[in-house]
Amino acid sequence: MCGRYSLYTERENAQLRAILAEIARRYPEKSSQAASGEVFPSNWAPVLAHTGRRVAAGLARWGFSSPKGGGLVINARAGTAQRRSSRLSRKRGRSAAVSAR
Numbered sequence: 001m002c003g004r005y006s007l008y009t010e011r012e013n014a015q016l017r018a019i020l021a022e023i024a025r026r027y028p029e030k031s032s033q034a035a036s037g038e039v040f041p042s043n044w045a046p047v048l049a050h051t052g053r054r055v056a057a058g059l060a061r062w063g064f065s066s067p068k069g070g071g072l073v074i075n076a077r078a079g080t081a082q083r084r085s086s087r088l089s090r091k092r093g094r095s096a097a098v099s100a101r
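Here the sequence shown stands for residues 1 to 101, where the numbers follow UniProt numbering.
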């Protein structure tokens, strides 16, 4: 997993604006803390989560927890991440897929 991703709120992207508005409505106390532009591990970040019935907008701390505790996994290689404990998060349905340009 890459250690960061970029979120640019382009004016013409109505769908993204709607997602961010939903997050601001649902999390008024934390939405001002949400990162925009470059999002780094441990930042509060806008995310989309499958809740079982639908996909919902929300806020989450960005990154995988370290299997050793006390930090986050940064720049894990795909093969390594598949063999190690981040695999547990994927099994629990806690994976993230981010569109990269």
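Hints may contain errors.
Cβ pair distances, simulated, as ranges [stated by the list, open to error]:
(1) Ser65 with Ala14: 33 to 39 angstroms
(2) Pro28 with Gly71: 16 to 22 angstroms
(3) Glu29 with Ala49: 14 to 20 angstroms
(4) Ala49 with Asn13: 18 to 24 angstroms
(5) Asn13 with Gly69: 17 to 23 angstroms
(6) Glu29 with Lys68: 16 to 22 angstroms
Bear in mind the hints are in silico, worked out from the structure with no lab data behind them.
Since we're looking at a predicted model, the values are computed, not measured.
All C-beta atoms in this analysis are idealised placements derived from N, C-alpha and C, irrespective of residue type, glycine included.
Checklist entry - Which of the numbered hints above does this structure break? => result 2, 5 and 6
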